[in-house]
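Counting from 1, one number per residue, gives the positions in the sequence shown under my numbering.
Think of the hints as simulated: they come from the structure by calculation, not from any bench. Careful, some of the hints might be misleading.
[Said to hold, decoys possible] Simulated restraints, written as ranges between beta carbons of each label pair: (1) 62 to 40: 14 to 22 Å; (2) 7 to 86: 27 to 35 Å; (3) 50 to 126: 31 to 39 Å; (4) 96 to 59: 13 to 21 Å; (5) 121 to 57: 14 to 22 Å; (6) 130 to 35: 23 to 31 Å.
Just so it is clear, CB atoms sit at the ideal spot from N, CA and C, and this is done for glycine as well.
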Amino acid sequence: MNETVDADLYTRTKALLEPGDIELAGCIVHTTLGGQEDLEMHELTVAINEVIADHAGKGEAYIEAGNDDTNFSSNQFQGRTLDDEAFVWECQQLLRDGTFDLVFYYEATVDQETLAGDLADLDGVDRVTQVP
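Starting from the given sequences, assemble the full structure and let the hints guide the process.
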């Protein structure tokens, strides 16, 4: 991905973390997955769900798809706790320069460095950009 596009995505992601009901942090998971690898992208999203839920300390989480709820777009997903459906994370899946970038937002209580390292270790991940 070229630096201009990467900088634009970083800036847009950071703008979405502006103060709201809860303080958020985020990351961009740059993948090696091409546009035809939808199933692999889904599997990676499931793996990322488990990593973020573990780091957030909220217990087991499930994925709510955008097409399940009219409040979300088709490529938007949320991780919610099994116990009480509390927010764990939100994600948008973007196809940029031929590969998928997955933009995740979550409560700012996680250790960003450790989380980014664990996400970078997943199969299909090229690199992780932290967004404070």
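Consistency of the hints with the structure:
no., hint, verdict
1, 62 to 40: 14 to 22 Å, "holds (20 Å)"
2, 7 to 86: 27 to 35 Å, "holds (33 Å)"
3, 50 to 126: 31 to 39 Å, "violated (20 Å)"
4, 96 to 59: 13 to 21 Å, "violated (33 Å)"
5, 121 to 57: 14 to 22 Å, "holds (19 Å)"
6, 130 to 35: 23 to 31 Å, "holds (25 Å)"
In this structure, the hints that do not hold are numbers 3, 4, in rising order.
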